[in-house]
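**Q** Sequence:
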Amino acid sequence: MFSNTTKKQMDSFNTPIVLIVFNRTKYLDKIFEVLKKLKPKTLYIAADGPRGEIEKDLENCNLVRNLIFEKIDWDCKIHKKFRKKNIGLKININEAIDWCFEQENECVILEDDCLPDISFFEFCKFTLNKYRQNKKIKMISGNYYFENILSQNSYYFSNCPGTHGWAIWKDRWQENDKKMKSWKGLKEFFWLIYFFNFNISVAHYFYQKFKLSYLEEIKSWDYQLLFSIWKNNGLIIRPYKNLCKHIGWGPDSTHGKGDDTFPELKNSLMKFPIKSPDKIKINIKLDHLEHKHIRKIYFFRYLVKLIKLNFLKIFK
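Sequential numbering of the sequence shown, starting at 32, is according to my numbering.
Treat the hints loosely; a few may be bogus.
As the list claims (entries may be wrong) - Cβ-Cβ distance ranges computed for the label pairs, FRET-style:
| no. | residue 1 | residue 2 | range |
| --- | --- | --- | --- |
| 1 | Glu248 | Lys61 | 28 to 34 angstroms |
| 2 | Tyr225 | Asn97 | 50 to 56 angstroms |
| 3 | Lys218 | Glu101 | 48 to 54 angstroms |
| 4 | Glu101 | Lys312 | 44 to 50 angstroms |
Claimed, not checked - Only pairs whose alpha carbons sit at most 25 angstroms apart, straight line, appear in this in silico DSS-like list of lysine-lysine:
| no. | residue 1 | residue 2 |
| --- | --- | --- |
| 5 | Lys121 | Lys310 |
| 6 | Lys102 | Lys57 |
| 7 | Lys167 | Lys312 |
| 8 | Lys166 | Lys310 |
| 9 | Lys166 | Lys262 |
Hints were generated in silico from the structure; no laboratory data involved. Note that the structure is a prediction, hence the values are computed from the model and not measured. For every residue, glycine included, the Cβ atom is placed at its ideal position computed from N, Cα and C.
The whole structure should be built from the sequences, with the hints applied where relevant.
**A** This is how it looks when you write it as C-alpha cells:
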C-alpha cells in the first residue's frame, strides 16, 4: 500500500508524460484507468497519422484521438501532435520526445500498448530526481523479468534495455545518436567483445542488432538509443518489480505480431519508501540472466546457430 505521503505526491504528479498512440483503441481504456488515478498535470500526446494504403486507418486514428479527450476528465495541460500522414513508429517516437524536450527537462514515456502499474510513475519521479545530476545514469526502465529474484533494494543498475515504460532527462536524450553517425562497422564488433568481457555470443547478438538498425533493415528507434547509452558509458536503472507490462501483441502490432512472449509476467506494486543501492554498480548476474532467458543467448547454442547459418550461405 502507498503511504500517506506517497498518496499526496500521486495526487499532484507533475512529471510530464509522453503518450505515443496510433490506431488502436483497445488498450487505451486500461491505460487511462491508471492515468485517471494518477491525474498527471501535463500530457504530451503524439499520434501518428493513417497509412494511405490501409482502408480503416483514418477511421481508427480518429477514434483513438477522440477517445483520449473523452477519457481526460481531470485538470491537465494537454499538448497534442496529431499527424495527418503516417511517418512510422521510429520517427514518431523520436520526434515526440524531441518535441516534449523543447519545453521540458525530463519526462516519462509510454506507448499505447504498455500498461503501467500506478507505482511506476512514483518510481520514475523518485529516480529522475535522485539521479538528475548524475550523468552516468542515462535512463530509467519500468521492466523486470525475474520476480522470483528479490532484493532488499528497490532497483539495480544494468546495461540491458527496457523501453516498455521508461523515463529520461533532456540532456541524456540529447546524447542519442538517432542515425548512428558514429557507427564504425566491424570495429564495433571488437568494441562490443571488450564491452561484454569477451562474451562473443552476446557481443555478436548486439552487433547484428546495431548493424541492422544502422542499415535501417530493422525499423527500430530503441537500438540506436541503447548504442548511444553504451558509447557514453551509461547505465540503466531497472526495478526489482515489473512496473510496466507490454500488452500489444497480435497481428495489428508493429513488432510483436505473435503471442505474448511472457504471458506469466504481471505488473507488481513497488513498495515505498524506495530503497536505493549503496553503490552504482552493474548487476552482472541479472544482466547475464536476461541475455539467456529473454534474448535466448546461450553461448554454445548461439555459436552452433551461427555456424549453421554461415554454412548454408556458402552452399546457396
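**Q** Now tell me, hint by hint, if it's right for this structure.
**A** Results of checking the hints against the structure:
| no. | hint | result |
| --- | --- | --- |
| 1 | Glu248 to Lys61: 28 to 34 angstroms | holds (33 angstroms) |
| 2 | Tyr225 to Asn97: 50 to 56 angstroms | holds (52 angstroms) |
| 3 | Lys218 to Glu101: 48 to 54 angstroms | holds (52 angstroms) |
| 4 | Glu101 to Lys312: 44 to 50 angstroms | holds (47 angstroms) |
| 5 | Lys121 to Lys310 | violated (35 angstroms) |
| 6 | Lys102 to Lys57 | holds (13 angstroms) |
| 7 | Lys167 to Lys312 | holds (11 angstroms) |
| 8 | Lys166 to Lys310 | holds (15 angstroms) |
| 9 | Lys166 to Lys262 | holds (13 angstroms) |
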